[in-house]
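Undergrad: Going down the list, the sequences are from chains A and B.
Per the working numbering, the very first residue in the first sequence carries number 1; after that it's consecutive.
Per the working numbering, the very first residue in the second sequence carries number 1; after that it's consecutive.
Simulated from the structure, these hints should not be mistaken for laboratory data.
Just to be clear, a hint being listed does not mean it is correct.
If the Cβ cut is set under 8 Å, some of the chain A residues that face chain B in the computed set are [as the list claims (entries may be wrong)]:
id, residue
1, Thr26
2, Gly29
3, Leu30
A few chain A residues that don't get close to chain B, going by computed Cβ distances all over 10 Å [to be verified]:
id, residue
4, Ala9
5, Phe37
6, Glu72
7, Gln109
8, Cys249
9, Val251
10, Lys263
11, Ile265
12, Gln277
13, Glu282
14, Arg283
15, Leu298
16, Arg301
Glycine included, every Cβ here is placed at the ideal spot set by N, Cα and C.
Spelled out from the first residue to the last, the chains are:
Number of protein chains: 2
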Amino acid sequence: MNLATSVLAGERLALARLLSKVENNTQEGLATLNELFPHTGRAHLVGVTGAPGTGKSSLVNQLAYFFRHPPEEQTSRTVAIIAVDPSSPFTGGAILGDRVRMQDLAGDQGVFIRSMAARGSLGGLASATASLVQIFDAAGYEIIFIETVGAGQAEVDIARLAHSTIVVEAPGLGDEIQSIKAGILEIADILVVNKADRPGVESTERALRNMLQLGHPITYSQKQSRSSEKVDLLQPQTGSPLWIPPVLCTVATQGDGVSELVKAIFDHRQYLHDTGQWEQKERNRLKNELDNLLRENLVARWRATIQKSDYQHVLDSLVARRISPHQAVVNLLDGSSPGQS
Amino acid sequence: MNLATSVLAGERLALARLLSKVENNTQEGLATLNELFPHTGRAHLVGVTGAPGTGKSSLVNQLAYFFRHPPEEQTSRTVAIIAVDPSSPFTGGAILGDRVRMQDLAGDQGVFIRSMAARGSLGGLASATASLVQIFDAAGYEIIFIETVGAGQAEVDIARLAHSTIVVEAPGLGDEIQSIKAGILEIADILVVNKADRPGVESTERALRNMLQLGHPITYSQKQSRSSEKVDLLQPQTGSPLWIPPVLCTVATQGDGVSELVKAIFDHRQYLHDTGQWEQKERNRLKNELDNLLRENLVARWRATIQKSDYQHVLDSLVARRISPHQAVVNLLDGSSPGQS
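Bound conformation, chain A alone:
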């Protein structure tokens, strides 16, 4: 039985072996990825992002626990968690994170947790994450959480991998002008104020609602003014109903609000399917992945063609300020000798 077959059969050891092979960029890993790809496309990919200290990891643990042990009338689902840390190119923080989590979900065969620290480049991180998502998807995990730290471009890139994106906040981050939030809000399908037992939760919730209102000025105020009715606002361009990101409060350490959050995740999936946006997201997601891989490959192939000494020569001219960075690029790609402009 080859590796792909074992992974498709749900063997955890084979899965772990494949994850390592793919992370180490081996030929066997790549070949197995290719074999598995036709079996992907079934999982619900849920991105979870937020600043450090918002309690994202505890929340994801609680969500995973809830999916594994739902109330009686619901079906239990298998869960994979990919914890991506784009900010830690130096230390082994990710591994420490794993240990802490394991205590909650240890021994459950329906849960798989994998951490990834940053590697060389951001593009590399995004495409490595995409590969891990494919493996878990092919292996039959039904919900895949992609958890990222922070709120930078890295998170935006990784959020593009997900069908549903949850942005986690916590009370007490101050009320300074935070243009960062305006940006991150626009990728949020669901907003969570975690640590809702702390002081300041009302003002954080209000701030988030205000920002949402800035983003959806008319629709959001209509929704609020008749919040008891079912609202079916339409998107101007497509005519499909509009998704208005709910703002939910949780206390992850107690499990408070987790069932409401799970309901919102299911609602969002239903919304995507009903409006045809699921297919659109799949296409964007795969296009994004293709473009990342193309970029990496173009650079790697070019690197393989160039003499190291030629590169050093051009770099020397640049450092001596005989040529500018743009001229250096022209010299390297067009092969004119360094020093000319």
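For chain A, the structure is supplied; the task is to place chain B on it using the hints.
TA: This is chain B only, laid out in the frame that chain A set:
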């Protein structure tokens, strides 16, 4: 008089015009950048990074004000501020930020402030920032602050542009396991606990010192045990004295601690010059910039060679899961027909 000459002569209008031309990627902008490059290499580039809510912008404003109006015995210096917001690809937050800052430093001809929101890709952001740095450097600005939001890979990339990197924290961000901090600490030359009039400042300061001690286990404890003496610890590899990042407390809104921070910035510059690391940083900085530009150019050149319909055909096969992402890349780069593996 051409644009480059006007910029070198210190004309603000010409400078503003060039910044726009470069941001819009015009040919004239590029040509002027090439002309200006030999005049760069004099400015001290200071990166300032930290999570939202730490008061980075106020701190940078205060630093700029101090450099403009130093105590009597010191020389005043010209200051440029580039505020980079990698997290805001969507909204005009950066512009709002500008307005707020202008009130502090308005009318001073020795200060120039420019905000940049994210554009297409992170690589694009880093190289656009690098171009802005070159322009300000050539125009004679002595201190150039590169201020970034957050603590992700984007910030690490942009910190690579700087000679000295200041990481700003604030009390009360919680004491959860924050592997993110361990990462960001390793790029810090100077650590600042801003908002030091708030409760919790001692524990934040202690946490930072503990993390530093994890990073420099032996050296740091030696330094602490004889903190009254001048310490000259040596780097294991190069034999130069070791720089131990100081931890400083500030209240930016009051200006408290700003003069000590300015002193630390000067000390770090002196240290870089004394140990030959300034030249090393310049080389790494320019190599990094060259590699970013190479990546962008390789992708742009390849894009120009490919038929849009061929790309769409491969993407369609990918979305239908007839080929995997890696197979799609091989098809596009090697020209075999989609569907083959």
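Undergrad: State for each hint whether it applies.
TA: Structure-based check of all given hints:
| no. | hint | verdict |
| --- | --- | --- |
| 1 | Thr26 | 13 Å, violated |
| 2 | Gly29 | 10 Å, violated |
| 3 | Leu30 | 6 Å, holds |
| 4 | Ala9 | 20 Å, holds |
| 5 | Phe37 | 4 Å, violated |
| 6 | Glu72 | 34 Å, holds |
| 7 | Gln109 | 26 Å, holds |
| 8 | Cys249 | 18 Å, holds |
| 9 | Val251 | 14 Å, holds |
| 10 | Lys263 | 27 Å, holds |
| 11 | Ile265 | 23 Å, holds |
| 12 | Gln277 | 14 Å, holds |
| 13 | Glu282 | 7 Å, violated |
| 14 | Arg283 | 5 Å, violated |
| 15 | Leu298 | 5 Å, violated |
| 16 | Arg301 | 7 Å, violated |
Hint compliance for this structure: hints 1, 2, 5, 13, 14, 15 and 16 are not met, and every other hint is.
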